[in-house]
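Novice: Next come the chains, spelled out residue by residue.
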Amino acid sequence: MSTIGTPELLFLLRGLGWTLALTAIGFVGGIAFGLVVALVRVSRRRWLRNLAAAWIAIFQGTPLLMQLFVVYFGLPLVGMDPPAWGAVAIALTAHASAYLGEIWRGAIQAVPGGQSEAAHALGIRYRSLMRDIILPQAFRLSLPATIGFLVQLLKGTSLAAIVGFIELTRAGQIVSNQTFKPLIVFGIVGLMYFLLCWPLSLWGGRMERRMARNRR
Amino acid sequence: MTLDFGVVWARWPELLMGLGGTLFLAVSGMILALVIGVLGVAVRRSDSRIGSALVIAFVELIRNTPFLVQIFFIFFAMPLAGLRLNPTVTAIIALGVNGGAYAIEIIRGGVESIPTGQTEAGLALGLRQGEIFRKIILKPALRAVFPSLASQFILLTLTTSIATSISAFELTSVAQRIDGDTFRSFEVYFTITAMYLALSWFVMSLFALISRAAFTYPTR
Numbered sequence: 001m002s003t004i005g006t007p008e009l010l011f012l013l014r015g016l017g018w019t020l021a022l023t024a025i026g027f028v029g030g031i032a033f034g035l036v037v038a039l040v041r042v043s044r045r046r047w048l049r050n051l052a053a054a055w056i057a058i059f060q061g062t063p064l065l066m067q068l069f070v071v072y073f074g075l076p077l078v079g080m081d082p083p084a085w086g087a088v089a090i091a092l093t094a095h096a097s098a099y100l101g102e103i104w105r106g107a108i109q110a111v112p113g114g115q116s117e118a119a120h121a122l123g124i125r126y127r128s129l130m131r132d133i134i135l136p137q138a139f140r141l142s143l144p145a146t147i148g149f150l151v152q153l154l155k156g157t158s159l160a161a162i163v164g165f166i167e168l169t170r171a172g173q174i175v176s177n178q179t180f181k182p183l184i185v186f187g188i189v190g191l192m193y194f195l196l197c198w199p200l201s202l203w204g205g206r207m208e209r210r211m212a213r214n215r216r
Numbered sequence: 001m002t003l004d005f006g007v008v009w010a011r012w013p014e015l016l017m018g019l020g021g022t023l024f025l026a027v028s029g030m031i032l033a034l035v036i037g038v039l040g041v042a043v044r045r046s047d048s049r050i051g052s053a054l055v056i057a058f059v060e061l062i063r064n065t066p067f068l069v070q071i072f073f074i075f076f077a078m079p080l081a082g083l084r085l086n087p088t089v090t091a092i093i094a095l096g097v098n099g100g101a102y103a104i105e106i107i108r109g110g111v112e113s114i115p116t117g118q119t120e121a122g123l124a125l126g127l128r129q130g131e132i133f134r135k136i137i138l139k140p141a142l143r144a145v146f147p148s149l150a151s152q153f154i155l156l157t158l159t160t161s162i163a164t165s166i167s168a169f170e171l172t173s174v175a176q177r178i179d180g181d182t183f184r185s186f187e188v189y190f191t192i193t194a195m196y197l198a199l200s201w202f203v204m205s206l207f208a209l210i211s212r213a214a215f216t217y218p219t220r
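Chains as they are written, first to last, in UniProt numbering: chain A, 1 to 216; chain B, 1 to 220.
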């Protein structure tokens, strides 16, 4: 039985660093692939739309933990053998691409259809229509939900602990097992997550209220 | 490397039991979440400043920390409350508390969408406070937020898988046992992922049915 001192806190902080890294990788990767998913989801070809819809339905209909397990154990079967953090990062990216794809699908469709028709009448091509007209507006509309998902993703990285990767929650488990002070340790760990997530939540909530006011 | 689903599927009775465990956790969690949600909204809207502040703090705290940390915390806090460590009970409490925080926000949104004139009309008709809350505010509010509540509860159903971290009896913990026996990790988790997908579709259609049965009364 030992106390919680500087070494333990530093260990937790190192875990926190990994939590932030996983969140960043998953979010950046999710933004890139999520954009593809969203565009395919509103494509003019029906089979492409259905493909994106299936991708979204699978990730929204299964637990994130299972997605981590399937990628973690599935990658070696197809000849890839990434380190644990790499497998987790791939799973989080795929997960984020589905959720962000669905959020942005909604935002793209919320931009009035008359604008696409006007652009079409002006002879503007698909690329320019999306890049210059639809996506900038959709991005603004989707910002509160996107921030909400970022919070969700940050909390979701904690599941990497179950496949044994030492991020913040796993670090907390290890320290808890060493010090036999689970409540204090998980209290500190919870507080760290809270200090990261709460400002984001407040920011997203404020933006959502402001946009709701402007609509009226 | 070749895949062998046979050794996994041979354990189907255990997998089905696990699925039953998952469903039990999910339904119990939903009921607790709904109770916490309704009580939370009642306190949040009451005249008590302290009560209202506590509910806000609870909602923010739960919504901004991971479920895994919450379930560990509750698991280790149970003995302090004089309760024996029981993974299944812990999991239900954790699911209910977590889902409850989200339910409070969702139901509150619905309650606030009810025009105050409706409450005043209830008062004018001589209904009591409790009756007004139950019949004039809560039911139309629940009807308004039912889709959000349903998707939150599907999320709760999927979240039950995290209860494996404290070894509660449910599908994922069964899968981990089979994985330990057969070393067919991918096959096991792929199989139960499909089972979760089917379960979430089942729960979704169940909610659609409930929505049609409970909330299709004329509104005007």
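Just so you know, these hints were derived from the structure itself, not from any lab. Values in this document were obtained by computation on a predicted structure and should not be read as measured data. Worth double-checking, as some hints may not be accurate.
Computed list of chain A residues with no C-beta within reach of chain B, every gap over 12 Å [to be verified]:
#, residue
1, 10
2, 50
3, 57
4, 125
5, 176
6, 197
7, 200
Where chain B lies over chain A, by a calculated footprint (3+ residues, C-beta under 8 Å) [unchecked claim]:
#, segment
8, 66-75
9, 81-95
10, 101-115
11, 161-173
If you anchor each label on the Cβ, the simulated ranges turn out as follows [stated by the list, open to error]:
#, chain 1, residue 1, chain 2, residue 2, range
12, B, 53, A, 126, 49 to 59 Å
13, B, 89, A, 6, 50 to 60 Å
14, B, 53, A, 81, 28 to 38 Å
Beta carbons: idealized from backbone N, C-alpha and C, even for Gly.
Novice: Look at each hint and say if it fits the structure.
Specialist: Do the hints match the structure? See the list:
1. 10: 19 Å, holds
2. 50: The claim stands: residue 50(A) keeps its Cβ more than 12 Å from every Cβ of chain B (closest is about 16 Å).
3. 57: It is violated; residue 57(A) is separated from chain B by about 8 Å at its closest Cβ, not greater than 12 Å.
4. 125: 37 Å, holds
5. 176: Its Cβ does come within 12 Å of chain B, the nearest being 8 Å, so this is violated.
6. 197: About 4 Å separates residue 197(A) from the closest Cβ of chain B, which leaves it inside 12 Å; violated.
7. 200: Answer for residue 200(A): violated, closest chain B Cβ roughly 8 Å.
8. 66-75: The restraint on the segment 66-75 of chain A holds, since 6 of its residues have a Cβ under 8 Å from chain B and three suffice.
9. 81-95: Coverage by chain B is violated here, the residue count being 0 at a Cβ distance below 8 Å.
10. 101-115: Coverage by chain B is violated here, the residue count being 0 at a Cβ distance below 8 Å.
11. 161-173: holds (count 5)
12. 53(B) x 126(A): 49 to 59 Å: 52 Å, holds
13. 89(B) x 6(A): 50 to 60 Å: 37 Å Cβ-Cβ, so the 50 to 60 Å window is violated.
14. 53(B) x 81(A): 28 to 38 Å: The hint (28 to 38 Å, Cβ to Cβ) is violated, given that residue 53(B) and residue 81(A) are roughly 52 Å apart.
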